[in-house]
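Participant: As a plain string of letters, each chain reads:
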Amino acid sequence: MRPPHTPSGTEAGPAPLGAALPWTARLRLPRGGLSEWLSGGFLLALVLGAVFVEAIPGLAGPEFPWGDFSQPPEWSLNGLLGTDPLGRSILSRVLHGARTTLTITLLATAIALGAGLLLGMLAGFYRGMVERAVDLYANAVAALPPILVILALVAVVGNSVLTMTLALGLLDIGTYARVAKGGAIAQGERDYILAARAMGASDGRLLLREILPNLLPSLTALVPPLMAGLIVTEGSLSFLGYGIPPPAPSWGGMVASSTDLLDRFPLLVVGPILAIVLTVYALNTVGDALARRLGGRDRAA
Amino acid sequence: MPKAMRPAGAALLRAVGMRLLGGIPVFLLVTFAATALADLMPGSAAQAILGDTATPEQIAALNARYGYDLPVWERYGHWLWRLLHGDLGETLFSRQPVAGLLLDRALVTFQIAFLAMGLSLLVSLPLAMLAASRPGGALDNALRAVTSLMLSVPTFVIVVMLGFLFAIVLRWLPATGWVAFTEDPLGNLESAILPVLCLSAHQAATFYRVGRSEILAVLQEDYIQVARAKGLPLRHILLRHALRPALPQLLAVMGLSMTYLLGGSFIVESYFAVPGIGWTVLAAVSSHDLPVMQAILALTVAIFVVVFILVDLGYALIDPRIEVA
Numbered sequence: 001m002r003p004p005h006t007p008s009g010t011e012a013g014p015a016p017l018g019a020a021l022p023w024t025a026r027l028r029l030p031r032g033g034l035s036e037w038l039s040g041g042f043l044l045a046l047v048l049g050a051v052f053v054e055a056i057p058g059l060a061g062p063e064f065p066w067g068d069f070s071q072p073p074e075w076s077l078n079g080l081l082g083t084d085p086l087g088r089s090i091l092s093r094v095l096h097g098a099r100t101t102l103t104i105t106l107l108a109t110a111i112a113l114g115a116g117l118l119l120g121m122l123a124g125f126y127r128g129m130v131e132r133a134v135d136l137y138a139n140a141v142a143a144l145p146p147i148l149v150i151l152a153l154v155a156v157v158g159n160s161v162l163t164m165t166l167a168l169g170l171l172d173i174g175t176y177a178r179v180a181k182g183g184a185i186a187q188g189e190r191d192y193i194l195a196a197r198a199m200g201a202s203d204g205r206l207l208l209r210e211i212l213p214n215l216l217p218s219l220t221a222l223v224p225p226l227m228a229g230l231i232v233t234e235g236s237l238s239f240l241g242y243g244i245p246p247p248a249p250s251w252g253g254m255v256a257s258s259t260d261l262l263d264r265f266p267l268l269v270v271g272p273i274l275a276i277v278l279t280v281y282a283l284n285t286v287g288d289a290l291a292r293r294l295g296g297r298d299r300a301a
Numbered sequence: 001m002p003k004a005m006r007p008a009g010a011a012l013l014r015a016v017g018m019r020l021l022g023g024i025p026v027f028l029l030v031t032f033a034a035t036a037l038a039d040l041m042p043g044s045a046a047q048a049i050l051g052d053t054a055t056p057e058q059i060a061a062l063n064a065r066y067g068y069d070l071p072v073w074e075r076y077g078h079w080l081w082r083l084l085h086g087d088l089g090e091t092l093f094s095r096q097p098v099a100g101l102l103l104d105r106a107l108v109t110f111q112i113a114f115l116a117m118g119l120s121l122l123v124s125l126p127l128a129m130l131a132a133s134r135p136g137g138a139l140d141n142a143l144r145a146v147t148s149l150m151l152s153v154p155t156f157v158i159v160v161m162l163g164f165l166f167a168i169v170l171r172w173l174p175a176t177g178w179v180a181f182t183e184d185p186l187g188n189l190e191s192a193i194l195p196v197l198c199l200s201a202h203q204a205a206t207f208y209r210v211g212r213s214e215i216l217a218v219l220q221e222d223y224i225q226v227a228r229a230k231g232l233p234l235r236h237i238l239l240r241h242a243l244r245p246a247l248p249q250l251l252a253v254m255g256l257s258m259t260y261l262l263g264g265s266f267i268v269e270s271y272f273a274v275p276g277i278g279w280t281v282l283a284a285v286s287s288h289d290l291p292v293m294q295a296i297l298a299l300t301v302a303i304f305v306v307v308f309i310l311v312d313l314g315y316a317l318i319d320p321r322i323e324v325a
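First to last, the sequence lines map onto chains A and B.
Heads up, the first sequence is in the working numbering, so the first residue is 1 and it goes up one at a time.
Heads up, the second sequence is in the working numbering, so the first residue is 1 and it goes up one at a time.
In case anyone wonders, no lab produced these hints; they're calculated from the structure.
Because the structure is a prediction, the values reported are computed rather than measured.
Backbone N, C-alpha and C fix where the C-beta goes; we use that ideal spot for every residue, glycine too.
Heads up, a few of these hints could be off.
[What the hints assert, rightly or not] DEER-style ranges, computed between Cβ atoms:
#1 Asn63(B) <-> Glu189(A): 53 to 59 Å
#2 Leu310(B) <-> Gly58(A): 57 to 63 Å
#3 Leu165(B) <-> Leu216(A): 40 to 46 Å
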């Protein structure tokens, strides 16, 4: 789905690190545009903020009133993004929301990447029935809007953080598996696999030691954009009221709870909207940069 | 892409048949999973649907009507059998036929989706051609920045922002509500503007990116250089020579974006109170209306299969040399 946009980005392959280079060459930071560095910095700050939110001195709790309701931003830690309709600090809620969202999407990505990689490699290596089954699953998931799949699950088991995590994980298995399968098929035809096989390497060794390392670049480049997609899906469901259950702060839920008051307090939605838009933008930018650098962009579609 | 020359008719028909055959397992898998949903419910499905206050008689009545006490295979068999007779069952509480209900709702969603598709093509393609004719120019750079920002704004944010702008600040458009086309065609169009605008933002950005990179690639071809050397005006080259080779890729993206449009309709329809498919699903989730849920999952997969057949047919129409695989 992500079309390439610069023909100039193709020239940068992974630079071979020759033996002649001093060991410090490995520490040299890769070249990158300003927006790539800013995006990386923003993501780092967001992750740090989400992890250490409890330890920020003076930051109010996300579920307790801190000041007057629906106040515009002011120059203080808790009031930096204003207060919500119940007088709670929006900054605190945005950071706690980041914690929930990042935990869910990271876990879901781990599930999807792990299962997708395994299934995709088996499908590409053994073909036959495994490949058919993986293709069928990938096609079925691709045919449905993610929101619909999760809503169908929520209709029977109710919405919770666990449902959301598992459902998001299930959604992306197909995409990772498809890319891993394509890579495994392409690698399986190479001479070095034939050579390794001739030397008596077992299937397990071929898959883990020969094929897997060659799949990692294209799969790594796939992680940021797919994570961005999961964050949007989670936000959309929380916005609709079927995502993260309400007392806990979530970006989508914060936007939804402010929409009735928009005519009088339009600044209420600024905090959560900035959080989700910047996060998605940063992930997409980092993903594009990774894809260019790792040369996996041809498969990123 | 296969290039073999073949008379179109028979080969095309076979290709469509293959697509249909390929779609059947996907359809069966999704509808079976939808039937199995009831078994995921905690405790007995009928009890979970009716709540704790349900009497044993009510539970027995629900089981008698929908067979939630039967094994999943049997329920699926019944569902398929009825589907073959054009019967999708009844909604859980109001007991309307699901098929008729869905038809009404789907028309609303389709109207918005098609208008959004048309609008985004109308906006994005001319811009893509202009930008591609001068790569690296001011317009190209500005649009690259704008589209990557637009693709980072989730639909639920677009909905809130455009709703705020047009309904609260400018007061040009009604904030919510839907007027049926049969009641008042002009009012219908007016109530469709905001939903269509919101769905178009992403679409336009996606089409622009694909269109620009495809047209840019085509413009490098020798025959374009010849056309330029002949002194043909740029507009003529872009419209007559560059657009058509870029269309297959665009068509594929249009097909893929149907899932996005359906997904976006959940947000747009719930926010602007539009009685379409998305709105129906949301109502079905809170009332555990499994028959409606199942029918909509089936409908969505069917739409997906049909759209891809149309995309294949479109390929053949654009470029008769293409043998559809």
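Participant: Would you mind marking each hint as holding or not holding in the structure?
Facilitator: Hint check:
The hint said 53 to 59 Å for the Cβ distance between asparagine 63(B) and glutamate 189(A), and at roughly 55 Å that hint holds. With their beta carbons about 59 Å apart, leucine 310(B) and glycine 58(A) fall inside the hinted range of 57 to 63 Å. Between leucine 165(B) and leucine 216(A) the C-beta distance comes to about 44 Å, which sits within the given range of 40 to 46 Å.
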